[in-house]
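Engineer: Now for the letters of each chain:
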Amino acid sequence: MIIALRRIGAFSLSSLAATGRACILLLQMIVNLPAVVRRYELVIKQLYRAGVLTLPVIIVAALFVGMVLALQGYNTLVDFGAESSLGLLLALSLSRELGPVLAGLLFAGRAGAAMTAEIGLMKATEQLAGMEMMAVDPVWRVLLPRFLAGVISVPLLAILFTAVGIIGGYLLGVNILGVDQGVFWATMQQGVDFQQDVMNGLLKSLVFGVLISLIAVFMGYDTSPTPAGVSKATTLTVVLSSLGVLAMDFSLTSMMF
Amino acid sequence: MQRQFVEIIVGLFVMVGLLALLFLSFNVSNINSATVSNPYQVSARFDNIGNLKVRAPVTMAGVRIGRVNEIRLDSASYQAQVVMDISGKYKKLPVDTSASINTQGLLGEQFVSLEPGGQQKYLKNGDRIRLTQSAVVLENLIGQLLFNNSQGANE
Numbered sequence: 001m002i003i004a005l006r007r008i009g010a011f012s013l014s015s016l017a018a019t020g021r022a023c024i025l026l027l028q029m030i031v032n033l034p035a036v037v038r039r040y041e042l043v044i045k046q047l048y049r050a051g052v053l054t055l056p057v058i059i060v061a062a063l064f065v066g067m068v069l070a071l072q073g074y075n076t077l078v079d080f081g082a083e084s085s086l087g088l089l090l091a092l093s094l095s096r097e098l099g100p101v102l103a104g105l106l107f108a109g110r111a112g113a114a115m116t117a118e119i120g121l122m123k124a125t126e127q128l129a130g131m132e133m134m135a136v137d138p139v140w141r142v143l144l145p146r147f148l149a150g151v152i153s154v155p156l157l158a159i160l161f162t163a164v165g166i167i168g169g170y171l172l173g174v175n176i177l178g179v180d181q182g183v184f185w186a187t188m189q190q191g192v193d194f195q196q197d198v199m200n201g202l203l204k205s206l207v208f209g210v211l212i213s214l215i216a217v218f219m220g221y222d223t224s225p226t227p228a229g230v231s232k233a234t235t236l237t238v239v240l241s242s243l244g245v246l247a248m249d250f251s252l253t254s255m256m257f
Numbered sequence: 001m002q003r004q005f006v007e008i009i010v011g012l013f014v015m016v017g018l019l020a021l022l023f024l025s026f027n028v029s030n031i032n033s034a035t036v037s038n039p040y041q042v043s044a045r046f047d048n049i050g051n052l053k054v055r056a057p058v059t060m061a062g063v064r065i066g067r068v069n070e071i072r073l074d075s076a077s078y079q080a081q082v083v084m085d086i087s088g089k090y091k092k093l094p095v096d097t098s099a100s101i102n103t104q105g106l107l108g109e110q111f112v113s114l115e116p117g118g119q120q121k122y123l124k125n126g127d128r129i130r131l132t133q134s135a136v137v138l139e140n141l142i143g144q145l146l147f148n149n150s151q152g153a154n155e
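Sequences listed follow chains A and B, in order.
In terms of my numbering, the first sequence is residues 1 to 257.
In terms of my numbering, the second sequence is residues 1 to 155.
Bear in mind the hints are in silico, worked out from the structure with no lab data behind them.
Computed from a predicted model, the values in this text were never measured in an experiment.
Just so you know, even glycine gets a beta-carbon here, dropped at the ideal spot from N, CA and C.
Be careful, since some hints might not be right.
Sample of chain B residues facing chain A (criterion: CB under 7 Å; computed from the structure) [what the hints assert, rightly or not]:
(1) 5
(2) 6
(3) 7
(4) 8
Some chain A residues well away from chain B (every beta-carbon gap over 10 Å; in silico) [claimed, not checked]:
(5) 6
(6) 23
(7) 38
(8) 51
(9) 52
(10) 55
(11) 75
(12) 91
(13) 124
(14) 140
(15) 176
(16) 182
(17) 189
(18) 250
(19) 252
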């Protein structure tokens, strides 16, 4: 009984301490922002690895999600004779929820895990310690470019996801299911508000970007320098950032809409 | 060479993302139709505005010429005061124009519909439309129908 209690306590304390360390790391990175602006090519390299290489996954996933939404939406709406609202359904669900959330989840799996594994391995092979020996702070040389790349790429990927998803739904809905093309775009334009829907979706994805990148970078930096530690950190990155994105999405939605 | 390639690809990535945002703003959402170009304001009082909302369209002969800017209760007359932004392109609305609140389809959004009058004088910024017709509340209509039917049955 006492042992179980003690385990719960130890778990809470260690997760609290980890949260605190993550916050300190975030502050350290914010302090180091000017230094990285001068060496922006570091960020660009990471943007390529985190953002550009995630692009194919995002585009293929978005096409399929858009087409599935169009199919399901059409089958339901046609019962009410409301298949003209298909465009609105697609645009609202993609721009408000599916775009930011799915782009975030895919990014966490595709790029977040890679970031953690890379930084973790750098720590395990004592490259980070070596940098410190040479008076180079790994926070700005290694962590910050990756963090910034994540923060920049996730909103871009989310917007792309939304746009490609709508195009996917358009291809299926108009060309195969036979919704009128003009009506498809007209109901969409009438019902979707730029500030309310598109911008709030973008804001959401920015929050997800910060969350995922912070978790990914911190998990790699904080890992215990063993093979088992790195694998555990990678798993934790995917699990925590996916759960974090979904939980954060709920609270943001309840505040925004 | 390698670095240049990476930079070009990243630039492409950012541009594609921004293009997607542009696509969403112009093709998907109504960013350009949300604002009325150099508007002037006209108000009208209604006994009941039903479900009319701010930013609802104002139409004449079915063409959108403006948007509802503000809705408040006029505490003197206990009527709803609706302020509308009318596009500066449509300056020549006669002073005896009448306003009514209609519904798009049976269950659609409500909007203000203007019917032109015959006078030669035109509405200016800040004028009030005097001839108004309230929103048709579907529940009241059904209630009246049921009431009339039951009266008919009694006679």
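Engineer: Over 10 Å to the closest beta carbon of chain B is the bar; see if residue 38 of chain A clears it.
Structural biologist: Given a closest Cβ separation of 16 Å, the condition holds.
Engineer: Take a quick look at residue 75 of chain A and tell me if its Cβ sits farther than 10 Å from every Cβ on chain B, holds or violated.
Structural biologist: Holds: least Cβ distance 22 Å, greater than 10 Å.
Engineer: Beyond 10 Å from every Cβ of chain B: is that where the Cβ of residue 176 of chain A lies?
Structural biologist: holds (21 Å)
Engineer: May I ask you to check that residue 91 of chain A keeps its beta-carbon over 10 Å from the closest beta-carbon of chain B?
Structural biologist: Violated, since 5 Å does not exceed 10 Å.
Engineer: For residue 182 of chain A, which was marked as not at the interface, is the minimum beta-carbon distance to chain B over 10 Å?
Structural biologist: Holds, since 13 Å exceeds 10 Å.
Engineer: Given residue 8 of chain B as an interface hint, is its Cβ closer than 7 Å to any Cβ of chain A?
Structural biologist: violated (10 Å)
Engineer: Minimum C-beta separation from residue 51 of chain A to chain B exceeding 10 Å: can you confirm that?
Structural biologist: Violated, because the least Cβ-Cβ distance between residue 51 of chain A and chain B comes to about 5 Å, which does not exceed 10 Å.
Engineer: Could you check that no beta carbon of chain B comes within 10 Å of the beta carbon of residue 6 of chain A?
Structural biologist: Fine: 49 Å to the nearest Cβ keeps residue 6 of chain A off the interface.
Engineer: Beyond 10 Å from every chain B Cβ: check whether that's true for residue 52 of chain A.
Structural biologist: Check fails; 5 Å does not lie beyond 10 Å.
Engineer: Please verify that the nearest CB of chain B lies beyond 10 Å from residue 140 of chain A's CB.
Structural biologist: Its Cβ never comes within 10 Å of chain B, the nearest being 20 Å, so this holds.
Engineer: Check the non-interface label on residue 124 of chain A: least C-beta distance to chain B beyond 10 Å or not.
Structural biologist: holds (27 Å)
Engineer: Verify the interface restraint on residue 7 of chain B: the C-beta must sit less than 7 Å from at least one C-beta of chain A.
Structural biologist: holds (6 Å)
Hint compliance for this structure: hints 1, 4, 8, 9, 10, 12 and 17 are not met, and every other hint is.
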